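Two chains, two frames, a set of hints: combine them into the complex.
For the record, the sequence lines run as chains A and B. With the first letter of the first sequence counted as 1, position 234 gets the number 234 in the UniProt record's numbering; the numbers rise by one all the way through. With the first letter of the second sequence counted as 1, position 376 gets the number 376 in the UniProt record's numbering; the numbers rise by one all the way through.
Beyond 10 angstroms from chain A on every Cβ pair, some chain B residues (computed): (1) 70; (2) 87; (3) 142; (4) 182; (5) 184; (6) 237.
Covered stretches of chain B (chain A as the covering partner; in silico rule of three or more C-beta atoms under 8 angstroms from a C-beta of chain A): (7) 363-371; (8) 374-382.
No farther apart than 30 angstroms at their CA atoms in a straight line, the calculated lysine-lysine pairs in the DSS-like style are these: (9) 366(B) / 34(A); (10) 281(B) / 34(A); (11) 306(B) / 34(A); (12) 366(B) / 207(A); (13) 203(A) / 334(B); (14) 283(B) / 202(A); (15) 113(B) / 81(B); (16) 366(B) / 202(A); (17) 22(A) / 281(B); (18) 84(A) / 366(B); (19) 334(B) / 84(A); (20) 34(A) / 334(B); (21) 151(A) / 334(B); (22) 281(B) / 303(B); (23) 199(A) / 306(B); (24) 201(A) / 303(B); (25) 426(B) / 458(B); (26) 84(A) / 359(B); (27) 283(B) / 203(A); (28) 199(A) / 334(B); (29) 283(B) / 201(A); (30) 84(A) / 211(A); (31) 199(A) / 283(B); (32) 359(B) / 201(A).
It should be emphasised that the hints constitute simulated quantities derived from the structure, not laboratory data. As the structure is a computational prediction, the values presented were derived from the model and not from experiment. Virtual Cβ for every residue (Gly too), placed ideally from N, Cα, C.
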Amino acid sequence: MALRALVGVKRVVDYAVRVRVKPDKTGVVTDGVKHSMNPFDEIAVEEAVRLKEKKIVSEIVAVSCGPTQSQETLRTALAMGVDKAVHVEVTGPEYNNLQPIHVAKILAKLATEQKADLVIVGKQAIDDDCNQTAQMTAAFLDWPQAVFASKIEKEGDGLTVTREIDGGLETIKVKLPAVISADLRLNEPRYATLPNIMKAKKKPLEKKTPKDLGVDVSPRIEVVSVEDPPTREAGAKVEDVDQLIEKLKKLGRI
Amino acid sequence: MPSFEYKLSVLKSGHCVNKERINLDMNLQPGLRLLSNICRIRGFASQVQAPLTSERYKVTRGNFAALNDKDLGYFESLLGKTRVLTEESDLEGHNTDWLHMVRGASKLLLKPKTTEEVSAILKYCNERKLAVCPQGGNTGLVGGSVPVFDEIVVCTSLMNNIISLDEWSGVMVCQAGCVLEALNDYLMERNFIMPLDLGAKGSCQIGGNVSTNAGGLRLLRYGSLHATVLGVEAVIPNGTVMDCLSLMKKDNTGYDLKHLFIGSEGTLGFVTKVAIQCPVKPKSVKLAFLGMDNFQSVLETFKRAKQDLGEILSSCEYIDRASITSVTDNLNVKNPIGDFPFYMLIEASGSNETHDEEKLNTFLEKIMSNGTVTDGTVASDSSQMLAIWALRERIAEGLLYDGYVYKYDISVPLTTFDDFVQDVWKQVGDDVVRVCGYGHLGDSNIHLNITSKTYDPKVTSKLEPFVYEWTSKKKGWRSRPSNAQLEENV
Chain A
1 MALRALVGVK RVVDYAVRVR VKPDKTGVVT DGVKHSMNPF DEIAVEEAVR LKEKKIVSEI
61 VAVSCGPTQS QETLRTALAM GVDKAVHVEV TGPEYNNLQP IHVAKILAKL ATEQKADLVI
121 VGKQAIDDDC NQTAQMTAAF LDWPQAVFAS KIEKEGDGLT VTREIDGGLE TIKVKLPAVI
181 SADLRLNEPR YATLPNIMKA KKKPLEKKTP KDLGVDVSPR IEVVSVEDPP TREAGAKVED
241 VDQLIEKLKK LGRI
Chain B
1 MPSFEYKLSV LKSGHCVNKE RINLDMNLQP GLRLLSNICR IRGFASQVQA PLTSERYKVT
61 RGNFAALNDK DLGYFESLLG KTRVLTEESD LEGHNTDWLH MVRGASKLLL KPKTTEEVSA
121 ILKYCNERKL AVCPQGGNTG LVGGSVPVFD EIVVCTSLMN NIISLDEWSG VMVCQAGCVL
181 EALNDYLMER NFIMPLDLGA KGSCQIGGNV STNAGGLRLL RYGSLHATVL GVEAVIPNGT
241 VMDCLSLMKK DNTGYDLKHL FIGSEGTLGF VTKVAIQCPV KPKSVKLAFL GMDNFQSVLE
301 TFKRAKQDLG EILSSCEYID RASITSVTDN LNVKNPIGDF PFYMLIEASG SNETHDEEKL
361 NTFLEKIMSN GTVTDGTVAS DSSQMLAIWA LRERIAEGLL YDGYVYKYDI SVPLTTFDDF
421 VQDVWKQVGD DVVRVCGYGH LGDSNIHLNI TSKTYDPKVT SKLEPFVYEW TSKKKGWRSR
481 PSNAQLEENV
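Isolated chain B (complex conformation) (with noise of 0.2 angstroms):
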């Protein structure tokens, strides 16, 4: 057993390990500062109290009913008092998303267990015509996972059962509630993994991510939630459940309904059980941390990595210096090499380490000896590769640090990728803290984030629709929050 006095360093190295319990001993050295300043960034984010929606943005509430007395004694008859929440602070967090940029005015929060409580809450607000929010484990970056006016939140949180693995097939059958980092867990004690990865897993459920079709770290070798979700059982909106939760890979049977559930976010059905292929562990995991001096560079890396690396190539995400220096300088991680505008982290998993080793080494040669690549790093034991992947996993909260963060969820063509940063930069010019860019390389999705210091419509005007023509003159996609009124308004 690793010594608890290793489980520090690992700390020390700059990854928070949520899972451990850890006693700290108050008299360590500087070097443990980082626990405190994830304190502090969790103090900072609350501090801010963001706007509420209906105020900041011209947004109407629908002809919905209003809550009433007879509906909390329908919701405690059902689910009994202690799971029927009407207290500001036990709403708060439900109200408001984790950037703290949007807040709802929600009154009512449920928390169902069963698929059967869930269907009979969407019946009776069918009737009632009571408005609903589902959510998840409310981690969202674009505003859609809280209410926008008086919605009744009902939270899966409490619907966290793993229902079956099936050890041959690989097949996993959960209820949406699961957290994704809990069900990587306990498939990894059984040699499988999740075929998602994304950097909020320690609070993000999977109801949550069929949802929104998340896509993740992972989608460039696993594909996305279409293609390894098998199964979806979802509650309509007038209460009947629809079982289509199918267990077999292949199943042409009727209408291929589940992938209407995956990505349309609740406003088809409310997601209560999924079924997921799951890949086996794979026995070798490999990380390389890049740097290069411009954007031609980290294309070509690409290229050559898909050339070289092949099918153990598992993830490959791209960092601008930007996004790195927020989480160098706001949350104090280390960079492991130096300084240059680009950075790529490139993953390559397989079934045999002597093979990715040889691969990986031939492809590292390769690309420093012609000069594509400058400098990297290839970590040399997990704590390494937990220290790297913060670098990219923690941007989000970095930026959060600057004040205010302009959230865009991006698809352009991969060569547009810094041209577009450059654009929004010269866009805003002055007004504003930083523009950044990372993202999934593999799958052509860039985050593009613009912070200032506190919230400015000013900002707002330059970026917006100046980034969504951008976007569409190159014939992308960008993701909105998912109320369809505040897309109108803006």
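With the rest of the complex left out, here is chain A (with noise of 0.2 angstroms):
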């Protein structure tokens, strides 16, 4: 009873780009920058692709809610091991505020018609660390969650999943079908090898809007500005404790 997996994957700028606010402050600069897939769904799709491995999955759908370019976002995936791709064209002051919310209704209404066991995502992504889009796609399916998740194993009928928590490892059994997401020490992301990225083009890769999955993804949210956080001021030195109780008697600190 081999599963079927429905990964997602979002195009972030790099994690090594040093981010500039637009200079209108509707946002960040992103043209021209380097982009790749958030490193939590890499994670993501490397469990997917180790499952197939160990047979616990037998078929991986990529899916990619963005502009043209998610397609290559899509790529990387299929050049990892997943088997097809799906991009959902979200482009425009759609895209820009394009919400987990959104993307939830999205990969559940998906998970339904790609007759998925399992959906997997990233915890967060590095753009804006939402950590939202697993847990609402659980409750749109009314599925059970198995959130951080840093190990995967097959039990019976269902999975047993170790889970970082704030005070270390939750071990819990879930039934599927189920939505997982990725933490940092789930796996290292294996690198494509030339032979797999040359077969993964011509795997398929089929293109869908959201009219076409009956998902609503006008703007919830209006971004009123984007701004730099406050520059760091110099410290000050005093010579001795009194200076000091000066000093923050006269910032209104004591």
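Structural data, given as structure tokens:
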């Protein structure tokens, strides 16, 4: 009884890029800036591929919501071992204001359409740090969720998942179908080797729109302004404790 | 902002992120063992103290004066007590090179902040006949950056001001003590990059790079320092400041004296400021790591890369199996593809990602389909890029783990790289741990390294003059310790 997996991958600004705020304060500069797959999604893809290698999963479908360039991210997933890809095209202001709730609705619809037994996504995206998509997707599907997974094992009809929580590790059992979000220590993603990169070009990549799935992606939020955090001021040195107290009083701190 | 945890994953993937301060959670998985390995290698290197150069090699101290209290008094009045150092613990790092192969016996370390101070120091030393050893980041691998006897070490570490950057022309003027990585970070924020890049970037200083005419990983694309340095300010031995600090790309007035300072290793003058032409930061950078079964494939891939990647080719490095295993075995860095006798690192940078991607993919498809390359990978994000570069940039570090390293930086015809390594293996036989070759294919420059468990004069006698004779037979060039005396007596 091999499972079918749906993996969500997001195209984000590469972690090493020094992000700059646009002069009109409507967002950050993304034009001409290096993008790559969200690192936690890479871990999610890797886990799906490993489950397939262990014959727990029979087919993996990767999904990405965004403009045409999202297809590059899907190609990377295909090169890592995913079987098919679905690109849900979202562009312009709808893309700029795309929120986890929209993506969760899309993933839920696709999970049903693709007859998935398992939905795996990264725990959060490194551009918005939301950590909401997995949880919302589970709610829309009314499926159990195992988030912050650092280990996944098949046990009988369900999965045993070890989760990273504030106090340490928690091990839970979830029935299938289920939604999982991948945490950092789940695995170390493989490099896509050239033969696989070449093979990936021939793998199916389907294009859809949110309308095809019956999902409304009109913006639910309005970005008022995006600004740099305040520049850190230089500290000041004082000679002794008396001066320190005087200074703190002057600043109104004590 | 990337989450704190993801910075840790970069560490896990094998690259030490020097710049970011990270509080380590000690309960983390063995995947983070790497950090302790880094600490361990530092510990290892410092346990083995190098013998004094004056004792190991037959060198004779020149007829220079010896330091006295009056001299110390003068320097203290010039620089202040904090920048005149005589404690052995302060001098230790400056007396020994990064490889812990050679050690001098300097008793005095001076840290000037300005050209005027350097000028006063040299003027005084010239009058007193005190020998001086100019020093930057002390990252040189040929024993040229440290004293041989008791020369005064004049270190540029405090001369680290970036004076100006003309954002129209891309010309940057800075003091000689600026660290290469710091310069690159400063430039990247303003959409430029340094025209050179080396593994030692976190510690090496631009003055030292210029004085040694450092090559590095980008020479293939941006040219040598003779091409990119527009001006040099240096202090000549009698203290006179020579201002050859032109900021113009084209300047035909008078003799082009700056070229004399580039590569003369401080023997003609002490470089204090540099004006350098900085290229625009490329919008797209791609990195491929390839494995092949024979050396002929390496040559064919290189030729193909020049033809198919053309103007976007920015780096072409060659690594043999023995070199890569020094990093994978000794430093626990992962090799993304299988075991091959030869590897290549090809970097392509340009102004248009789509255009570059297409060129790179066409190139890779061709070399894969015709069997030139057996396997390979393309870095999909920055952390993979750093991890792959680590396989090349950390070889010098990995080799230290074997024990003692005999290093030769040599230029020979490209086609003879592997023959060279094989001939040296045959020459040294079983006395060594490994013989390996890696380097800049694009520049015909190979780093030949031999390692043994401990220093063995038998190995040295087998290597020299064999390596030099082999090189001259092929009409090549090799770098040597700058101290001419060492050369005479070996």
